[in-house]
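Trainee: Spelled out, the chains give:
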Amino acid sequence: MSTTTGTAVIDGGVAAGGQAPRSRTRAKAQRTGSRYAFLVPTLYITFLMLPIYWLFNMSLKTNQEILSKFTLWPDEPTLANYMVIFTDPSWYNGYINSITYVALNTVISVAVALPAAYAFSRYKFLGDKHLFFWLLTNRMAPPAVFALPFFQLYSAFGLIDTHLAVALAHCLFNVPLAVWILEGFMSGVPKEIDETAYIDGYSFPKFFGKIFMPLIASGIGVAAFFCFMFSWVELLIARTLTTTAAKPIAATMTRTVSASGMDWGVLAAAGILTIIPGALVIYFVRNYIAKGFALGRV
Amino acid sequence: MEKTVNNKAWFMVLPVLLLVAFTAVIPLMTVVNYAFQDSFGNNQFFWVGIEWFQELLSSERFHDALVRNLIFSFSILAIEIPLGIGIALCMPKKGWGVPVCLVLMALPLLVPWNVVGTIWQVFGRADIGLLGYFLNSLGINYNYTQDPVAAWATVIVMDVWHWTSLVVLLCYAGLVSIPEAYYQAARIDGASRWAVFRYIQLPKMHSVLLIAVLLRFMDSFMIYTEPFVVTGGGPGNSTTFLSIDLVKMAIGQFDLGPAAAMSLVYFLIILLFSWVFYTVMNNAGTEKKHYAGEE
Numbered sequence: 244m245s246t247t248t249g250t251a252v253i254d255g256g257v258a259a260g261g262q263a264p265r266s267r268t269r270a271k272a273q274r275t276g277s278r279y280a281f282l283v284p285t286l287y288i289t290f291l292m293l294p295i296y297w298l299f300n301m302s303l304k305t306n307q308e309i310l311s312k313f314t315l316w317p318d319e320p321t322l323a324n325y326m327v328i329f330t331d332p333s334w335y336n337g338y339i340n341s342i343t344y345v346a347l348n349t350v351i352s353v354a355v356a357l358p359a360a361y362a363f364s365r366y367k368f369l370g371d372k373h374l375f376f377w378l379l380t381n382r383m384a385p386p387a388v389f390a391l392p393f394f395q396l397y398s399a400f401g402l403i404d405t406h407l408a409v410a411l412a413h414c415l416f417n418v419p420l421a422v423w424i425l426e427g428f429m430s431g432v433p434k435e436i437d438e439t440a441y442i443d444g445y446s447f448p449k450f451f452g453k454i455f456m457p458l459i460a461s462g463i464g465v466a467a468f469f470c471f472m473f474s475w476v477e478l479l480i481a482r483t484l485t486t487t488a489a490k491p492i493a494a495t496m497t498r499t500v501s502a503s504g505m506d507w508g509v510l511a512a513a514g515i516l517t518i519i520p521g522a523l524v525i526y527f528v529r530n531y532i533a534k535g536f537a538l539g540r541v
Numbered sequence: 024m025e026k027t028v029n030n031k032a033w034f035m036v037l038p039v040l041l042l043v044a045f046t047a048v049i050p051l052m053t054v055v056n057y058a059f060q061d062s063f064g065n066n067q068f069f070w071v072g073i074e075w076f077q078e079l080l081s082s083e084r085f086h087d088a089l090v091r092n093l094i095f096s097f098s099i100l101a102i103e104i105p106l107g108i109g110i111a112l113c114m115p116k117k118g119w120g121v122p123v124c125l126v127l128m129a130l131p132l133l134v135p136w137n138v139v140g141t142i143w144q145v146f147g148r149a150d151i152g153l154l155g156y157f158l159n160s161l162g163i164n165y166n167y168t169q170d171p172v173a174a175w176a177t178v179i180v181m182d183v184w185h186w187t188s189l190v191v192l193l194c195y196a197g198l199v200s201i202p203e204a205y206y207q208a209a210r211i212d213g214a215s216r217w218a219v220f221r222y223i224q225l226p227k228m229h230s231v232l233l234i235a236v237l238l239r240f241m242d243s244f245m246i247y248t249e250p251f252v253v254t255g256g257g258p259g260n261s262t263t264f265l266s267i268d269l270v271k272m273a274i275g276q277f278d279l280g281p282a283a284a285m286s287l288v289y290f291l292i293i294l295l296f297s298w299v300f301y302t303v304m305n306n307a308g309t310e311k312k313h314y315a316g317e318e
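Just so you know, the sequences run in chain order A and B. Numbered according to the numbering used here, the first sequence spans residues 244 to 541. Numbered according to the numbering used here, the second sequence spans residues 24 to 318.
To be clear, the hints were calculated from the coordinates, so they are not data collected in a lab. Careful: at least some of the hints might be erroneous.
[Stated by the list, open to error] Calculated lysine to aspartate or glutamate pairs in the EDC-like style (CA-CA distance at most 20 Å, straight line):
#1 B:Lys26 with A:Glu435
#2 A:Lys453 with A:Asp437
#3 A:Lys312 with B:Asp150
#4 B:Lys31 with A:Glu438
#5 A:Lys453 with A:Glu435
#6 B:Lys227 with B:Glu203
#7 A:Lys449 with A:Glu438
#8 B:Lys26 with A:Asp506
#9 B:Lys31 with A:Asp437
#10 B:Lys271 with B:Asp61
#11 B:Lys117 with B:Glu203
#12 A:Lys367 with A:Asp318
#13 B:Lys31 with A:Glu319
#14 A:Lys434 with A:Asp371
#15 B:Lys271 with B:Asp150
#16 A:Lys367 with A:Asp443
#17 B:Lys26 with A:Glu438
#18 A:Lys367 with A:Glu435
#19 B:Lys31 with B:Glu203
#20 A:Lys312 with A:Asp331
#21 B:Lys26 with A:Asp437
#22 A:Lys449 with A:Asp437
#23 B:Lys116 with B:Glu203
#24 B:Lys271 with B:Asp87
Please model the complete structure; the sequences and the hints are all you need to start from.
Mentor: Pasting the structure below:
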């Protein structure tokens, strides 16, 4: 997932080299035309960051300071709220649970989506278009519709309150997503590569593992990122299927808050900690985010 | 790319098929099953035919939730789409500003949905939130737990905060794919800024904009967690959208029959949108190939 390949994809194959000689004159023309253009993204980013800053600000205050006075930054910054989370198992287990089922879901989704995406990108077969559409409808299905039947289905299999239950349930929207994204990337690999490999005597599994997978490595990374992301942000299904042993951090937040009479500082710290995993990986996929949201179609 | 006809490809699709059948088809069968039956507990069910559907389609509660949801979806589209286009047009095309903008703008998209709710719940509170405190000190009486208008404003601003970046990123991806030669030709012709936007940039963003509109419409149509955390559907029922209503009915009151009927109607609406979405995406795809052939 290097930067250069990322830009090439987003540029839609426009030769980057061709712009170099005239870039100076153009840059000048643009600067004079829109000198204040940078203000718009700056204002927008400020709007995006303010609420997050406010949460971060609160997470460094004591509850007393939060409730007694209104301060734009903490008077006496303290890490006590974070310490509560890192020392109390009912808090940090929430993170472990979330990460466990998210990782499990990502592995399952990408593993089953790889062969399917290959089939969709390379072959015509009976009912392929209908199947593809049916997969899409699952990405668009409202989780609220599935919450109750999921509960009964997983109860029947004795899977309630296990990581596997949440991981499987999240496949509902992540498998279709992974298939779409991977299909988009695979269609970009010329078919001649497959044919040459077969002529050279590669068997299909060997070709897929040794030649094809490295070629679409960035696609696999992006698909995994999107599975990770949508499983991480989802709460309704995850909360319905768990009680204690596999309870996600997001659900732990809602419960503990109402029980302990609004422990604002700890709530804020927990919120900040849920943002960090996303913030860490976002840098690697910045150029592919649009492609992922557009289901591989940009 | 020419695809070969190969029905054995079904074997490669089989794992996906089985997995999605387990996670989607079986639960959906349960829903269908409940939608036509009534229960007095103890696992005793009896057939009621289409009674739940008749009841649902004539119930004011469902109509209200549907209308609220439609108003919500169209308001956020009316705000997020033009705003997203505007921001994408002003974004830097090269240099250090690009990764900074992309990463910071994408950040809200990766915040867990209930934390988005928590952030705005805190941010809007008059006693400890920056926004609530600021507005109230300006003399505006802002309290989203009491006042329906404030609750609506909060939910809409929250959604704009959460999802406008998606529109920005998609539009930006469309904009950077425009070859430099197009702008040069426009400059030689002495085209105005508006003409460049109308005849070069907008057509190039056409397909990504369609994706953005449809994705935002569908996702806002099934929004649950964020407004639930902030307002809990209140004050009264003023921000009770379809999903919130459905969960209240299914899990809160355990009215399985009516909830199942509502699920099906809800799902059919979404299915209709999905079909539109799929058709549009496919057409956009062929259009793209058409362009590529020209260049």
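Trainee: Indicate, hint by hint, whether the structure satisfies it.
Mentor: How the hints compare with the structure:
{"no.": "1", "hint": "B:Lys26 with A:Glu435", "in the structure": "holds, 12 Å"}
{"no.": "2", "hint": "A:Lys453 with A:Asp437", "in the structure": "holds, 12 Å"}
{"no.": "3", "hint": "A:Lys312 with B:Asp150", "in the structure": "holds, 9 Å"}
{"no.": "4", "hint": "B:Lys31 with A:Glu438", "in the structure": "holds, 17 Å"}
{"no.": "5", "hint": "A:Lys453 with A:Glu435", "in the structure": "holds, 16 Å"}
{"no.": "6", "hint": "B:Lys227 with B:Glu203", "in the structure": "holds, 13 Å"}
{"no.": "7", "hint": "A:Lys449 with A:Glu438", "in the structure": "holds, 13 Å"}
{"no.": "8", "hint": "B:Lys26 with A:Asp506", "in the structure": "violated, 59 Å"}
{"no.": "9", "hint": "B:Lys31 with A:Asp437", "in the structure": "holds, 17 Å"}
{"no.": "10", "hint": "B:Lys271 with B:Asp61", "in the structure": "holds, 18 Å"}
{"no.": "11", "hint": "B:Lys117 with B:Glu203", "in the structure": "holds, 13 Å"}
{"no.": "12", "hint": "A:Lys367 with A:Asp318", "in the structure": "violated, 65 Å"}
{"no.": "13", "hint": "B:Lys31 with A:Glu319", "in the structure": "violated, 67 Å"}
{"no.": "14", "hint": "A:Lys434 with A:Asp371", "in the structure": "holds, 19 Å"}
{"no.": "15", "hint": "B:Lys271 with B:Asp150", "in the structure": "violated, 30 Å"}
{"no.": "16", "hint": "A:Lys367 with A:Asp443", "in the structure": "violated, 24 Å"}
{"no.": "17", "hint": "B:Lys26 with A:Glu438", "in the structure": "holds, 13 Å"}
{"no.": "18", "hint": "A:Lys367 with A:Glu435", "in the structure": "holds, 17 Å"}
{"no.": "19", "hint": "B:Lys31 with B:Glu203", "in the structure": "violated, 45 Å"}
{"no.": "20", "hint": "A:Lys312 with A:Asp331", "in the structure": "violated, 28 Å"}
{"no.": "21", "hint": "B:Lys26 with A:Asp437", "in the structure": "holds, 12 Å"}
{"no.": "22", "hint": "A:Lys449 with A:Asp437", "in the structure": "holds, 11 Å"}
{"no.": "23", "hint": "B:Lys116 with B:Glu203", "in the structure": "holds, 12 Å"}
{"no.": "24", "hint": "B:Lys271 with B:Asp87", "in the structure": "holds, 15 Å"}
Comparing the model with each numbered hint stated earlier shows that hints 8, 12, 13, 15, 16, 19 and 20 do not hold.
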